[in-house]
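Number of protein chains: 2
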Amino acid sequence: MDVHSNYSDFFEGTEKLLEVWFCRTDGKDDNCDLRKISREQWESLLQEVKCVIISFKRSEHLDSYVLSESSMFVSKRCFILKTCGSTTLLNAVTPLLYIVKMTTGFNFVQDIFYSRKNFMRPELQNKPHTSFEDEIESLEGIFEDGAAYCMGRINSDCWYLYTLNTPLGLHGNPVADQTLEVIMQDLDQNVMSIFTQEGSSSARDATQKSGIDQIYPGAMLDEYLFDPCGYSVNGILKGRYYFTIHITPEPHCSYVSFETNAPQDNYHDLVNTLLKMFLPGKFVMTLFANKLSVAAKGMKESCNTEFHSYNRKELQVCRFNAYDLTYALFAKAPS
Amino acid sequence: MDVHSNYSDFFEGTEKLLEVWFCRTDGKDDNCDLRKISREQWESLLQEVKCVIISFKRSEHLDSYVLSESSMFVSKRCFILKTCGSTTLLNAVTPLLYIVKMTTGFNFVQDIFYSRKNFMRPELQNKPHTSFEDEIESLEGIFEDGAAYCMGRINSDCWYLYTLNTPLGLHGNPVADQTLEVIMQDLDQNVMSIFTQEGSSSARDATQKSGIDQIYPGAMLDEYLFDPCGYSVNGILKGRYYFTIHITPEPHCSYVSFETNAPQDNYHDLVNTLLKMFLPGKFVMTLFANKLSVAAKGMKESCNTEFHSYNRKELQVCRFNAYDLTYALFAKAPS
Numbered sequence: 381m382d383v384h385s386n387y388s389d390f391f392e393g394t395e396k397l398l399e400v401w402f403c404r405t406d407g408k409d410d411n412c413d414l415r416k417i418s419r420e421q422w423e424s425l426l427q428e429v430k431c432v433i434i435s436f437k438r439s440e441h442l443d444s445y446v447l448s449e450s451s452m453f454v455s456k457r458c459f460i461l462k463t464c465g466s467t468t469l470l471n472a473v474t475p476l477l478y479i480v481k482m483t484t485g486f487n488f489v490q491d492i493f494y495s496r497k498n499f500m501r502p503e504l505q506n507k508p509h510t511s512f513e514d515e516i517e518s519l520e521g522i523f524e525d526g527a528a529y530c531m532g533r534i535n536s537d538c539w540y541l542y543t544l545n546t547p548l549g550l551h552g553n554p555v556a557d558q559t560l561e562v563i564m565q566d567l568d569q570n571v572m573s574i575f576t577q578e579g580s581s582s583a584r585d586a587t588q589k590s591g592i593d594q595i596y597p598g599a600m601l602d603e604y605l606f607d608p609c610g611y612s613v614n615g616i617l618k619g620r621y622y623f624t625i626h627i628t629p630e631p632h633c634s635y636v637s638f639e640t641n642a643p644q645d646n647y648h649d650l651v652n653t654l655l656k657m658f659l660p661g662k663f664v665m666t667l668f669a670n671k672l673s674v675a676a677k678g679m680k681e682s683c684n685t686e687f688h689s690y691n692r693k694e695l696q697v698c699r700f701n702a703y704d705l706t707y708a709l710f711a712k713a714p715s
Numbered sequence: 381m382d383v384h385s386n387y388s389d390f391f392e393g394t395e396k397l398l399e400v401w402f403c404r405t406d407g408k409d410d411n412c413d414l415r416k417i418s419r420e421q422w423e424s425l426l427q428e429v430k431c432v433i434i435s436f437k438r439s440e441h442l443d444s445y446v447l448s449e450s451s452m453f454v455s456k457r458c459f460i461l462k463t464c465g466s467t468t469l470l471n472a473v474t475p476l477l478y479i480v481k482m483t484t485g486f487n488f489v490q491d492i493f494y495s496r497k498n499f500m501r502p503e504l505q506n507k508p509h510t511s512f513e514d515e516i517e518s519l520e521g522i523f524e525d526g527a528a529y530c531m532g533r534i535n536s537d538c539w540y541l542y543t544l545n546t547p548l549g550l551h552g553n554p555v556a557d558q559t560l561e562v563i564m565q566d567l568d569q570n571v572m573s574i575f576t577q578e579g580s581s582s583a584r585d586a587t588q589k590s591g592i593d594q595i596y597p598g599a600m601l602d603e604y605l606f607d608p609c610g611y612s613v614n615g616i617l618k619g620r621y622y623f624t625i626h627i628t629p630e631p632h633c634s635y636v637s638f639e640t641n642a643p644q645d646n647y648h649d650l651v652n653t654l655l656k657m658f659l660p661g662k663f664v665m666t667l668f669a670n671k672l673s674v675a676a677k678g679m680k681e682s683c684n685t686e687f688h689s690y691n692r693k694e695l696q697v698c699r700f701n702a703y704d705l706t707y708a709l710f711a712k713a714p715s
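Here the protein sequences come in this chain order: W and H. For what it's worth, my numbering labels the leading residue of the first sequence as 381, then goes sequentially. For what it's worth, my numbering labels the leading residue of the second sequence as 381, then goes sequentially.
Accuracy of the hints is not assured; some may be wrong.
In this list, chains with the same sequence are indistinguishable; a pair is considered to hold if it fits within one copy or across any two.
Listed next, the in silico SDA-like pairs over lysine to any residue satisfying Cα-Cα at most 25 Å (straight line) [what the hints assert, rightly or not]: (1) Lys-712 / Glu-524; (2) Lys-693 / Asp-704; (3) Lys-680 / Thr-546; (4) Lys-693 / Thr-546; (5) Lys-456 / Pro-475; (6) Lys-712 / Asp-537; (7) Lys-693 / Gly-678.
Note that these hints are calculated values from the structure, not bench results.
Pulled out of the complex, with its shape left as it was, chain W reads as follows (with noise of 0.2 Å):
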């Protein structure tokens, strides 16, 4: 796929974020399964998205599917789509609910999160995405009572979320969860170059010479180089947990996201470890975690915290009904 076409083409690096979790009512969901979705239903939903299924592998708990434009991740009751450029992944919504209902045995949509960057270019996205009141505008057609937030600053750099904001536990057992998100821009352009295919000879040779592999040894990797340029990762880990890279290395848009679910009670040495890789000049870190997640706890000291050579500009911390969120933007130090 040749999603980068250029150089100097601009590229909306900036992904928008779909997670759903599905349930029973009768909490019965023994026979329940996301994972019945066949390839050829995940691809018409990708359809309606403008993107496709470049890659797959799957491990006993989790589907990994890399995308011309990002990710895809399945696992038994949690769905999770990420897309960049000028995708469309909120028109996936209706017809994502429609696929569950008549292929797993869910009947319910437990909670969604909805979020994404503010856009480099929001000028150059497609309905429902040219602004964040058209995308609530689109998830209040389909859900009620969304709750719709924006961490950060309106004028400049933040983060929007939508999310159903369901009390814990709502319709079955609740399990313990946790998502980190570290969005970087502003990135090194020697370590940019490494994902370009002038630069590195494979995927894999990209993904060693950056280090990519030393994050999660032991991590089940598929991994595509662009061409020109441009490079994702799935890494697939132990249960239901993956890690997910995406990187656009043009100059003048570069944007690298790293985001997983495995949980950690502090997450400040990977944030450190992604740091040095790829020496962003900005980024912003976003941490989920419910109540029962051993993050919860720590989250004080992944997010409040120092980074060498970094200075925190921003600090803010949301409390919903099931999970406590925590959004911050660092920036380089001038030196």
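Starting from the known structure of chain W, fit chain H onto it as the hints suggest.
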């Protein structure tokens, strides 16, 4: 002043609130004072906002004005203007900066805080208050690098803030500072009937019947009962401290705001007193405290707390350069 012309008319009680701190870049502000500004200068400034002064009182440290739409407070370095209805508060900013420069000896805006809750009927507002985006644009025409935030739900109850987010102690000695605001809606109609010409024989009568005179015993009060309904009170406390309450009693748009800059290490009991006095269906509380304030230590106890017969719907904490801010929304628990 007949701002509440009829019980059945809609009135936007939701205030716009502006707080501006001034300083001298050389730190030598001994001879500087905002209270050098004359009554005539204030009156001309308020013409831009479309409101007028209806009463004035002063103490050694504070000048207090009751306005046709809400209140104004002036101390040595700090200017506070709060106006409701369809007033155009932000039109005062440019004239204010001019008058201060010409009259007071101050030569620098240390910080500004412009805030408001979401309007009940935004379509009735005049430019630049037609949306928060329009307000930001107006402020960005005057200030550089201001930060704009939305606390709470963008698509429901929320509270907007624009601030310069200045580091503590830039130009001159920093002073302890804190502001508590409690914005109450859907109020008890028996209580609200006190704040009408039918329900009380005078402004003082309304103050005493409601118990407002007992909130800060010993405060110098300046109260006003509008015709046919509506009530404002400014309370001058010791030092440069004040409290102010504004009441729109009409059943379909009832609104009561309380604000004070008086330092307390814990505002829980004060808020509880207000809740028992006014019996709101829902309320927002916001608390700013800088690092020198006693209120910073008790922030958690003030906001992240329970109030009898209310459920907390939202809690957000925001760390600025000089201030910590907590935003919380509470709603009456179903009985």
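Now for the hints, and whether the structure bears them out:
1. Lys-712 / Glu-524: Between copies, since 21 Å is at most 25 Å while 41 Å is not.
2. Lys-693 / Asp-704: The answer is both: 20 Å in one copy and 13 Å across copies each meet 25 Å.
3. Lys-680 / Thr-546: Both: 23 Å inside a chain and 24 Å across chains, each within 25 Å.
4. Lys-693 / Thr-546: For Lys-693 and Thr-546, only the inter-copy Cα distance (12 Å) is at most 25 Å; the intra-copy one is 30 Å.
5. Lys-456 / Pro-475: within (18 Å within a copy, 62 Å between copies)
6. Lys-712 / Asp-537: Within one copy, since 14 Å is at most 25 Å while 35 Å is not.
7. Lys-693 / Gly-678: both (20 Å within a copy, 24 Å between copies)
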